[in-house]
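J.: Sequence:
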Amino acid sequence: MKKNTTTASYCNIALLLRCLFIAGWFAGITGFAQKFEDFRAFTEGQQDVTCVQYTLDGKRFASGNAIGTVLVRDAEKGNILNLLRGLTGRVNAVAFDPNSRYVSGSDSFGNTIVWDLASSKELFNASKLPELAELKNASFAFFDNSGKKLFFGGNSKKLYVVNFIQNPNSVKIVQQFKHPIQTAAASSKGEHIALATDTSIAVFNTNTEQLIKNIQGCSRHIHDIKFPPGDTLISTTCSAESNSFHIWSVKTGQKTRKLFNLQPGHRADKIEYSRDGKYALVLSHSAQTVLYDIARDTIIQILTGHREEVLNANFSPDSKAILSAGADDQIKMYKWKQIFENDNLPDASTTRYVPEIDTLKLLYDARGVPTKIGKRILTGSQKATVEGNKVTIMVWDSEYEDNDTISLYFNGKWVLKKYALRTDKKVLHLEMSADKENKLIMYAHNLGKRPPNTAAISVFDGKKERLINLSSNMQLSDSIQFVRSHSGNKNANLPPIEDGR
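If you're matching positions, the sequence shown starts at 3 in my numbering and goes up one per residue.
Treat each hint with caution, since some may be false.
[To be verified] Quick list of simulated restraints, FRET-style, between CB atoms:
hint, residue 1, residue 2, range
1, D299, L85, 40 to 46 Å
2, L83, L213, 35 to 41 Å
3, K385, T425, 22 to 28 Å
4, K337, D437, 35 to 41 Å
5, L364, K174, 55 to 61 Å
In short, the hints are calculated from the structure, not lab data. Built from N, CA and C at the ideal position, the CB exists for glycine as well.
Assemble the whole structure, with the sequences as input and the hints as a guide.
T.: Here's what the structure looks like:
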């Protein structure tokens, strides 16, 4: 995958919008609909997830939480690759270098750390330098296009830079401002960074470390700034106009247009662009995220699934996945779907042999960890922390009713056999065991019309509900590992839940 996925890098805004409009119009007449669907959820252990960021190759993503932990996950499998500690405050930002070798995290106590992803070792720690004691809240950090320098700052009213490879103990002040730096953005190639201080925007060249443009961005406080695809423009969200975005030319500093007019009730706080230039995400201090079609200047979808405020979001480099971080302890992953009107789908296979499930056994490795059910390999379990001994789950097809047939295995028995998934929810009650795995395994009996088989499973322990998506085929079985919390009432009674709730 090429690092720069934007094909209109230096087009002017009129040409860019014209290209996007033509592309959008052509897509509209070819007979398909498209949207982003809730695909998977990850938990951060009962802590607000404050930020998320994909690597430039899209293979990994990082997240930060409210207690200073940074996690790096495999974007496809979801398993944790790096557990990074050292920050002690709320993580305000995470960032990768262009080559995906390093990751940075900045927190609300003023610290910024760079870790090497291969070893998980610290390469730079701002808290160890006395001259940075004045930085009490680090709001951002970005790598330059070489991946060797890190620009960072926050409430100290200064932009700092450090070559963390050659001299991690020597920090340079690039610029001092009259006001704290409340938000910042980096261009897609890392050649420019933009900083918002009160109502103004300062744009710097990361190679020369020189200020190249000052822009009066808003009449009042700036909420957020971003580089739209092409890196020649900057967008702002302003407190004075909470339902719109303004676009500015980096070269001239002049406003080119008001890009969006949001509908009443959709306040603009933060914005995130897809790298193909088609979409923008709008965050507005709510549990919903607005997906905007840029060419048509209209809302095309409201992303749901979080129970509390969405704090941050990021598009994958191919623009076909979205990560959102929430105050409900979750990261949600949404996947792009394209549905053709005359979609001739293959029928589910009827010749593949599927053994009777009652003959299948759970197989273990030398450490006593279950690895297979029959001949199916168990993929990495998604963990769900629950309180008490009793859990209610609901299972359904969250995509399409395409004849997916599954069974569910839990603690030595099949709790659901050869069930054809529907959009209506099937309710099951599980009881946790003190001496068994408490692992719920999904077993596919066919591939449906749209393989693999996918099922949405809602887990409710009497206090908290979370959504997990499982996917299985004829070789692999996905699973949920239940972990019991010791803080809850072990004999909590669950309220009754009816099918189809």
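J.: Among the hints numbered above, which are violated by the structure, and what are their numbers in rising order?
T.: When the structure is compared with the hints, none of them turns out to be violated.
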